[in-house]
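Student: Residue numbers (the numbering used here), protein chains in the order written: chain A, 1 to 379; chain B, 1001 to 1284.
Keep in mind that a hint or two might mislead.
Derived list of chain B stretches under chain A, where covered just means 3 residues or more per stretch with a C-beta under 8 Å from a C-beta of chain A [claimed, not checked]:
{"no.": "1", "region": "1176-1186"}
{"no.": "2", "region": "1190-1198"}
Here are some chain B residues the structure puts well away from chain A; computed CB gaps all over 12 Å [stated by the list, open to error]:
{"no.": "3", "residue": "G1013"}
{"no.": "4", "residue": "N1027"}
{"no.": "5", "residue": "E1051"}
{"no.": "6", "residue": "Y1061"}
{"no.": "7", "residue": "A1070"}
{"no.": "8", "residue": "T1093"}
{"no.": "9", "residue": "M1204"}
{"no.": "10", "residue": "K1241"}
Hints were generated in silico from the structure; no laboratory data involved.
Ideal Cβ placement from N, Cα and C applies to all residues, glycine included.
Chain by chain, the residues:
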Amino acid sequence: MADHRNGNPIVSLKRITKRFGDKTVLAGLDLDVRNGEFLTLLGPSGCGKTTILRLLAGFESPDEGDIFIDGRRVNDLAPNQRHVNIVFQSFALFPHMTALNNVAFGLKMKKTDRAEIRQRVDEALRMVKLDDLADRKPHQLSGGQQQRVALARAVVNRPKVLLLDECLNALDYKLRKEMQIELKQIQRRIGITFIFVTHSQEEALSMSDRVIVMRDGQIEQAGTPRQVYETPANLFVARFVGEINIFDGIVTGRENGSTLFADVEGVGCTLRTPRSFQTGDRIKVLLRPEDLRVTELKNGQAVDGTSIDGKFMGRVLERTYKGMTLDSLILLDCGKKIQASEFFDEEDPSFDYSIGERVAVGWVPSWEEILPDDGKEPL
Amino acid sequence: MTEKSLFKTATIGLTGAWLGFFVLIPNVMILATSFLQRDEAAFVRLDFTLENYRRILDPVYLQVFGHSAAMALVATMVCLALGYPFAYALARTRPGLRHLLLLLVIIPFWTNSLIRTYAIRSLLATQGVLNKLLLFTGIIDEPLRLLYTGTAVTIGLVYILFPFMVLPLFAVIEKLDTRLLEASADLGAGRFQTFVRVIIPLTMPGIIAGGLLVFLPALGMFYVSDLLGGAKDLLIGNFIKNQFLDARDWPFGAAASVTMTLIMALMLIAYFFSIRKIGKKEIR
C-alpha cells in the first residue's frame, strides 16, 4: 500500500494512449490525482475526459501506458477487481431492484455480512436523504432521487476513488445547483477522492479542488478553479472557462520587469504581467466581463469626470438586466464587440445605459491577463 | 359518410366477420359440444351433461395430459437452452451480419412445417441420412433407433418451434442496456453473478414469452408425434384428434380441446401479470 501522506498519488496515469479505430482519443497523457481531492476533468465533448474515467473503471484498456490505483498497476484488472466505483451519466440503476437493493448490490457481490450490509446501506441512504424511499423502484423516483441512489450505490462500497461521469446533466437547473453543493459536502465528509467529468465550467469551478482542462486528448491546464479562471495558461482555456474579451496588441516598451507599454487595438495602454515580452511582440490582452468598467460619455468627456486616457471608446449595442448585474454588449470604435458585466451600485439608482449611448471602457488596473499571440485562430 | 370512414367501417367489418365466422362460431360450437352427449349416428345428441369433463379428470387421461405437458416442457427447455445463447450472440453481432442471421432463422417458415417434419423423418430413419453418416464415419456399428421415440418428437418440436423462442429473446436482449452490465461489473459482480442477477431478471419477459410461444403450440402439434413418435408419445393434440377422427367421440374431444384452451389462457394471464411486474423498467 502506498503512503498518501507522503504525497503519493492515489491515481496515476503514465503516458496513456488510447485509440478507437484510427482515432486517437488520448495521446501520451500523464495525470496524477492526489488522495482525497475533488478533481474535475473539464473539456468539450470528444476531448477524452470520459475515456479517462472508463479506463480507470476498467471498461476500456489503454493501448499504451500504465494505470496505477493506490500504487498498484491495474491495466489487466477487470472492473469488478478494482477499488473504484462509477456514477454513470444515465445513472444505470437496476430497474428491477428497489433503491435499497441497488445500493446493497455491491456489498452483496463482495459477500459482506448481512448485518453489516443492512447497516452500511441504511447509512448510505441516510447520507443522500433517501432512507424513507428505500423500497421504491427506480421508475418511482424522480431524476434527483435516482441521482442520489446512484451516488449511494457507489459510495457504500467505500471505493478508493469515486468516478462521476457528467452525472448532473440529467437534472434541471435548480436541482443541479443543489446537488453541486451536496456532492461537495459529501466528498468532504467521507474524504474519498472524487474524479468528476463535466463540460460545464460552472460545475468545475464551483465544486473542484483542482480542475484539469482538456482538449483533443491533451491537458491544456491543471490548477485550482481560481488559477484556471484568473490566469488561464492559453487562449483555449481562457475562452473555454467563462466569458472573456480578447484584445490584440503589440508591445511598445517595457519598464522595470513587470510593466509593459502596448498599443492595444489602437489605444496606448499600461499593462502588468509576470511574463516577459520584448518590444514588438504580438500579445493578447484578456479581460473578463466583470473586470471592465464602463463610463458614460458626454461631449467626449466622462460624465463622472475621470480621465479617458487608455480607455476604449464605443457604443452600447445591447443591455441585459440580470438581477444582480447589468450586462452590456459594447461595439468598440475599432470594430470589436465586447461583453461587460457590472454590479449595481446602491449609491446610484439611475445606473443604466441606453442603447446606442457613447461609452468609454476601461478596467481595474492589473486585473488584465497577458498571453503571447501564438497566431492560432480563435475556436 | 366520408370515404375514409367508409374504408374504416369496411375493413373493420370484414375483419370482424372473418373472426366471427372462423374463430368465434367454431369455438362456441366446440364449447357447446363439450357439454353434449355422444351419439353413434349423428356424433352428438342434444342432452346437457358434465360427464365429458368428469372423464378428463380420470387418471388415465390426466396421465396423457401430464405426459404431453412433460414433452412440451422438455422441448421448451431445450429451445431455451439453445435459443438463449444464440439470441444473445445474435443481439451482440454487428448489424449487417445480424440481419442476415435473423433471416436465416426465419427462412424455414417459408416451408410448411408438415413437410419439414417429413424431412426430419428421413433424417432420423433407420436407413436415414444421420444413421448412414454415423455408420460411414464408423462412430456407430449398427443403426440407432431414433425414429418413433420420444427423442425424435422432442427433436421435431424443437426444430419447428426454435424461432418462436429466439425472436422474443432477441427482442429483449437487443434492448438490454449495456451500461447496466458495466454498472454490475463496476460494483464487483463477476460474469456469472451479472448473468444471474441482472441479465436474467431483465430478459425475463422474453424468456416467458418465448417459453409460452414454444410450450403452448408444442402441446397441440399432433402431426409431429404422429410422424416421429411411438405409440406412447401422445400430445394433447393427438388425443383430441383421436377422439374426433378415431374414437368418434366428439363431445369428449371438444371437452379436451376446451380444457387445453383454458390451460393456455391461464398461462397467458399469468404471463401478462408477470410482465406487468417485471416490465416496469423505464428509468426516466
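Student: Which hints from the list above does the structure break, by number from lowest to highest?
Tutor: As far as the earlier hints go, only 9 is violated by this structure.
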